[in-house]
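**Student:** Sequence:
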Amino acid sequence: MDKRILIPTDFSKNALNAARYALDLYAKLNCEFYFLNVFRLDHYTTNTLIMPEPGSPEFEAAKAKSEEGFAKLLDMLELHHDNPKHSYHTISSFNFLSEAIKQTIASKDIELVVMGTQGATGAKGIIFGSNTVNAMEKIRECPVMAIPEDLRFSVPKEIVFPTNYKSTFRRKELNYLIEIALMHQTSISVLHFKKETSLDESQEANKQLLDDILENVDHSFHTLTDKNVARGITSFVESRKSDMIAFINKKHFLFNSIFSRPLVKEIGYDAKVPILALNES
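So that you can map any letter, position 112 of the sequence shown is 115 in this note's numbering, and since no number is skipped, the others follow by simple counting.
Hints in this document: simulated from the structure, not taken from any laboratory. Treat the hints with care, as some may be off.
Claimed, not checked - BS3-like cross-link-like pairs, simulated, lysine-lysine; straight-line CA separation at most 25 Å:
hint, residue 1, residue 2
1, Lys275, Lys160
2, Lys169, Lys197
3, Lys210, Lys169
4, Lys141, Lys253
5, Lys169, Lys141
6, Lys31, Lys175
7, Lys68, Lys6
8, Lys244, Lys160
9, Lys111, Lys75
10, Lys31, Lys141
Claimed, not checked - Simulated restraints, written as ranges between beta carbons of each label pair:
hint, residue 1, residue 2, range
11, Ala67, Glu144, 28 to 36 Å
12, Ser110, Asp214, 32 to 40 Å
13, Leu77, Lys141, 22 to 30 Å
Note that this is a predicted model, so its numbers are computed, not measured. Even glycine gets a Cβ: it sits at the ideal position worked out from N, Cα and C.
Just need the whole structure built from these sequences, with the hints factored in.
**Tutor:** Listed below in structure tokens is the structure:
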């Protein structure tokens, strides 16, 4: 079965960069890539009561512009990534981005969403900075990976996985992390932020469970005492030249959760490496 990956694009340089990263990351696998462009109508605002209809001149012109963008994008990708294992599909949608993403995940049985962290600067409509963070918060159906601007693909040597060991791990949640690690012989560095002097019984049990789940992958355990979790992760990644951050995106952002909303925002807006948000099963 081919892997199905969704890449939202606004045809910006950053969105193209995210697409290239995804194609390189999954170069060894048979994949179907779905490119999604959400188009807007210049004169249409939410205050306008009349929705533009498919078939109307404005709607068809905007859709044609979206399809032109796809023709150029596919030409560029064919130039750089002539991979017989990959096939491409395009979707032009008049919708809100998060709605269009959710609909595509459902209708195409998408397994992973990959998007850039920034959109076309000053472009009308879509600015990806906030959209990427919102997607990470709202999309629960599959993992979301955000690729920083101008980041060139290199084989990931180390993925940092922050956790507080407060909840039980499930293999299903960690599938994508393990798949990437095995595909590229990547090591996983589990990073614990220590507030308490030692782990309690349930944390120890969760740590042992994680150790078991990661048994086929090169992995190691680390502890940090930095008060500011976002800063701690960033400095850990920078000091070790790690290649990716992965975390489990909790359904309910609890106060004791390591990834509370501001943290996703702090790291998401200023990411230097790709961030993979895995979802609770």
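**Student:** The structure should be examined with respect to each hint, and the outcome stated for every one.
**Tutor:** Against the structure, the hints:
For the hint pairing Lys275 with Lys160, the CA-to-CA distance comes to about 15 Å; that is within 25 Å, so the pair holds. At roughly 12 Å between alpha-carbon atoms, Lys169 and Lys197 fall within 25 Å of each other, so this suggested pair holds. Using a Cα cut-off of 25 Å, the hinted pair Lys210 and Lys169 holds, with the two alpha carbons roughly 9 Å apart. Taking the CA atoms of Lys141 and Lys253, the gap is near 11 Å; set against the 25 Å cutoff, the hint holds.
For the hint pairing Lys169 with Lys141, the CA-to-CA distance comes to about 22 Å; that is within 25 Å, so the pair holds. Taking the CA atoms of Lys31 and Lys175, the gap is about 22 Å. The hint holds against a cut of 25 Å. Of the pairs offered as hints, the one joining Lys68 and Lys6 is violated, with about 29 Å between alpha carbons and a cut-off of 25 Å exceeded. Our distance criterion of 25 Å between C-alpha atoms is met by Lys244 and Lys160, whose separation comes to about 9 Å.
For the suggested pair Lys111 and Lys75, the alpha carbons sit about 23 Å apart, so the restraint of at most 25 Å is met. Proposed proximity of Lys31 and Lys141 is contradicted: the alpha carbons are some 30 Å apart, above 25 Å. Between Ala67 and Glu144 the C-beta distance comes to about 30 Å, which sits within the given range of 28 to 36 Å. The hinted range of 32 to 40 Å is satisfied by Ser110 and Asp214, whose Cβ atoms lie roughly 38 Å apart.
Taken as a hint, the range 22 to 30 Å holds for the pair Leu77 and Lys141, whose Cβ atoms sit roughly 28 Å apart.
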